[in-house]
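Got two chains here, separate frames each, mind docking them using the hints?
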Amino acid sequence: MDPIAQAVSKIIKEQQAVIGPLALDQAKKVSGLTLTNSDDVKVSGNGKEVLEHLVSQYEKFFGKASVEVCREAIDSVRDKLQPADIPDILKSN
Amino acid sequence: MSPKDIKQAVFLKLQQVVLDCEDNSLLMDVLFRETFSELGETGIPYIFISAIFLDLNLKLSKSSFYDKQTLIRPDEYNQQSEAILPQHIIEDGVQVQLEGNKIVVSEDIKRFIDPIYKDFALIKAVVLSPVFVSGHLAGVIVLACPRLQAEITEDELAFLEVFTNLLAFTYRLQATQKSLSAITQEVYKMNAKLHYVDKLKDDFVSVASHELRTPMTAIKSFLWMALNRQKENLNPDLKRYLDRAYLSTERLISLVNDMLNISRIEGGRIALRLSDVDLVDLGLEVYEELVPKAQERGIKLTVSKGEVQKVLCDRDKVREVFINIVGNSLKFTEKGGTIGINFKQEGDTVITSISDTGRGIAHEDMQRLFKKFGRLENSYVAIAESAGTGLGLFITKSLIALHKGRVWAESPGLGKGSTFFFSLPIVGTELARQVEANAPTENANTKELEKTRLLM
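Chains as they are written, first to last, in this note's numbering: chain H, 1 to 93; chain F, 1001 to 1456.
Bear in mind the hints are in silico, worked out from the structure with no lab data behind them. Do not rely on the hints blindly, as some may be mistaken.
[Stated by the list, open to error] Chain H stretches covered by chain F per the calculated footprint, using a threshold of three residues with CB under 8 angstroms from any CB of chain F:
#1 17 to 30
#2 58 to 69
[Stated by the list, open to error] List of simulated lysine-lysine pairs, BS3-like, C-alpha gap at most 25 angstroms:
#3 H:K13 - F:K1189
#4 F:K1201 - H:K10
#5 F:K1178 - H:K29
#6 F:K1062 - H:K60
#7 F:K1404 - H:K28
#8 F:K1199 - H:K13
#9 H:K60 - F:K1178
#10 F:K1178 - H:K28
#11 F:K1189 - H:K60
#12 H:K10 - F:K1193
#13 H:K60 - F:K1193
#14 F:K1189 - H:K91
#15 F:K1193 - H:K91
#16 H:K64 - F:K1189
#17 H:K80 - F:K1199
#18 F:K1189 - H:K28
#19 H:K10 - F:K1199
#20 F:K1447 - H:K13
#21 F:K1201 - H:K13
#22 F:K1193 - H:K13
#23 H:K10 - F:K1189
#24 H:K64 - F:K1178
#25 H:K64 - H:K91
#26 F:K1189 - H:K29
#27 F:K1199 - H:K64
#28 F:K1447 - H:K80
[As the list claims (entries may be wrong)] Computed footprint of chain H on chain F; a stretch qualifies when at least three of its residues, placed anywhere within it, have a C-beta under 8 angstroms from a C-beta of chain H:
#29 1186 to 1199
#30 1431 to 1438
For glycine and all other residues, C-beta sits at the position ideal for the given N, C-alpha and C.
Extracted from the complex, chain F is given alone in its bound form (with noise of 0.2 angstroms):
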C-alpha cells in the first residue's frame, strides 16, 4: 500500500470508529485513543495530541490530552495546563482563523508548552490545526511533534487537516447529540408528570364515581316510589316527566358504573379468576337471559350449539362481554331481525361471533368503535331510546384483553347487520399458559365489576 492509501485506510476506520461508538459520552476519547494509536503505526508519531475547545466568546470550555503516558484526560484543564498553554494556543487559534485557516507549525515550543512537562524536551516542534463549527473557531487540535518542521511533509499535514475536519465533525455530534439527550430527558419528565396526572385522574374517576352512586341510587328510589304510588292516579303529564326523570337516573347509575368498572381495569384492581369454561354452555346461559328480552322486541335470538374445546378464562367477566355485545345488538336490532350466536376454533383459540341483522355500522366509524365514548353518529337515536353509555365496547374489549384475546367488529355497512367477534385462549395452550402466568391475580386492592345491567 502506499502512503497515501495507508493515510485512507486510517481516515476510514478513524470514521469507522465514531459511526460504532454507542456511548455518546466516550465518543471524543475513543477517537484521540485511536488517533493518537493510528498516527504511530503509520509512522508519523506525536509525543502527545491535545484539543481545547472554545465557547461563542473564544473562552476555553473543553479539553482532551492523550500521550503513551497519560492516557485521555478528558475536562481536566488544571492536569493539562502542565503540558500546554492554552491562552497562547487559543491567541494563535484566532490568528490562523484571520490568516485564512491553514494549519500552523511551530518550533517556538516554550509559547505553547510548559518546559515543566517530562517530555518537554523531546518535542521539536508544534502543530496547531484549528476546528471550524459552522464558519466559527470551535477549537484548536494541538500536537507535539518529535520531529524539526521541515521534517513534516506536506501529506502529512493535508491528512491532519482531514483529521481535523473529522473531530470537527465528531465534536458537533457529541453536542447534537448532548442537547438532543436533555431534550429527551425533558420529554421524559414531562411525559413521567402526564403519566402521574393520569394515574390522579382515575382515581378521582373512582372515588367521584363511588360517591355520585349512593345519591343517585336514593333518587331512583324514590322517583319508583312516586310512580308506583297506589293511592292516587298520577296525572299524564307527571307521568311522564317522572318517567323520565327514572330512566336518566337509570342511565347516570349505568354510566358510574361503566366509568368505575373502566376505573378498576386500568388500575389494575380487576382479578382475573380463571376456570376451565365451555362456551357454548355460557352463551346458552346468556340466551336464556336475554331471550325474553328478544322476544319482547321482537327478535329471534339463536345461540348454535356446536362442539369447541373449553377455554381458560374468567366466566363472570366473560359473561360480561356476552351481555355487552348481545344487548348492544338487541339495541341496534329492528322487530323482525335476528341475532346469532355462533363459536369456531382457530388456532390457539375458540372465536366466538355475534351478527345481528340491525343497523350495521359505517366503515369510517369502525376505528372509534371501542375507544371509550366512541358512540357513532348513527346510534344516537338508539342510545337515546335505549340508555346506552358509549362505554360497554371499551369495557368489552379490556376485559378481552386481560385474557391475550381480539375483539372486533365486521359490517358491510349502514343498514345491513353487523358481526362482533371476540377471541379466547383454548385450555392448555401456549397462549392460555401466557394467560395464566400474567393474570392479574386479588390483592387487598381488588375490586369487583359492576354488573352490566341492560337498559332497553
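Just chain H, same shape as in the assembly (with noise of 0.2 angstroms):
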C-alpha cells in the first residue's frame, strides 16, 4: 500500500475505534477514495487533496476535535509521507 493509502487507513481506522461505523460511511463519500474496508483502500487523483477532503468530511460533521484525531492516526505513517503530500490541517500544531 502507498503512503498515502496507508495514511487513509490509518485515518479511518482512528475514526472507527471513535464513532464506529459511521467512520467507513463517511470515508465512502470522499471524491477520490475507492474503498470496501479501512484495509482495501484506493486513492486515485492528487493524494494530497484526497487526504485533505477526507479529514474535511469528518470535520463537517464531527468538528474540530475529529481533526485532532486525524493528525494523531497519521503519525505512525507521517515518516514515510513526502512533506509536500501532507495537506496543512494535518500537519501538527
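What follows is the structure in C-alpha cells.
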C-alpha cells in the first residue's frame, strides 16, 4: 500500500475506534477514494487533496476534535509521507 | 397547465430543493435563491425577498436577503438594514400575530423599506408573511412587490402563505439539524476522550504487567527452592501450602503474560512474520509437544495427515493458537476421552478443526467464549484445577483476526464435547494478498508474544 493510502487507512481506523461504522460511511463519500473496508483503500488523483477532503469530511460532521484524531492517526506513517503530500490541516500545530 | 397547477409544481419543486440539500448550512440560502427565481418564472416577480428570524424575546437573531443584483446575503444585518427596516417589520409581524396570522400587504413602503435602497422607486407594495414555529412568531418574510396592492391576487397570497409554511418547516429543520450537529460533535468529543483513556489504560496494563512479572518470577523461584530442599523433609501441610502457592504464582505469571500479549496485540505492537506454512506439519509439531501431557491424563490425541495447500501465516503465532485450543481441550476432557486435529480446504482458506469429547459448551455460553475473561460457568471447576486465565481464546481470536481468518466453536451441548475451528488464507489467493498487504510489520515498538505455557 502506498503511503497516502496507508495514511487514509490509519485515519479511517482511528475514526472507527471513536465513532464506529459511521467512519467508513463518511470516507466513502470522499471523491478520489475507493474502499470496501479500512484495509482495502485505493486513492486516485491528487493524494494530498484526497487526504484533505477526508479530514474535512470528518470535520464537517464531528468538528475540530476529529481533526486532532486524524493528526494523531497518521503519526506512525508521517515519516513515510513526502512533506509536500501532507495537507496543512494534518500538520502538527 | 393552469396557474394553480403551475404554483403546485413550483411548490413541489421547492419542497424537493429542501429535501435534496445535503449541506444543512446552505439550506435556507438555496431555498431563497430557488424561490426568488421560481416566483419570477411563474409571472409574479418581486424586487427582493428577505427573511428576518427572531429569538424568543422577539429580537432579530438571523436574516437573509436576496435580489437579482446582490444575490443572497445571509446573516448580514448591517447590509440588509440598507434595504429593510427590521424594527417596523417585527412590530407589524407581532401585530399580524395578534390579528389572526394573516399575510399583510402594505403600500406604506417607507415604513418598511429604507429609501436609500437602490430600487426603492420600483417598489409599489410590501408583503409581510409571518413565520410561525410551534405557535410562536419566529420570523417574517418580506417581499418587495413592483405591483400595487390591488394587483396582488388572493391566489398569489395563498401561494405565498404555503411558501411561508415551507420556509417555517425549513427553518425548523435547520435549527433541529444544527442542534443535532452540536450534540453529535459533543458525543464525538466524549468518545474521543474515552478512546484516549482506553489507550492510557492499555499502556498502564502493559507497564504494570511488566513490573509485576519480575517479582513474581523471583517468588516462584524461591518457592521452587523451598519445595525442592534436599536436606530435610517438609511436613505434609507445609508442602501442600507451598505447592498451592507455587501453582498460584504460575497462574499469576500466566495471567500477566496473557495481559501483556493482549496489550501488545491491541496496541499494534505485534508484527506478523508471514511465510508459506504446511498446517499438517505444524499440527504434528504441536502433537509431538502435547502428546505426553495427553497420555499423562489418559486422553487420546490424534492428527489427520491429509493433504491441504499451504497457508500464508506467521508460524509462531499460529502455533500459539494450536497450543491454546488443544490445551483447552486437554483441560476440559476427562480421562479416556479423545482429541482430534483435522484440516480441510474451503474456498480461499484451510480450516483447522480441533474436536474433543470433553465437557462441551452450553448454547447460551457461545457468545462469551471468545471475549476477555469469558470463562464459562461450568468451566470454573476445570479452571481451578487447571489454572487457566480466561484470556487464551481472546488471544486466539485476535491472532487469527490479524490473518483475516475466522475462529468459531460448535458444541451439541454440555457433556457432548466441542469442536473449535479456525481459518487461514491459502497461499496465492486474493485473501492471502490482502493479509500480506496489511500485515503489521516490525517497527521500533514491536514486541514478541509471550509463549503460552500449559498449566495442567
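key: Hints that the structure is at odds with (numbers, increasing)   = Checked against the structure, no hint fails, so every one of them is satisfied.
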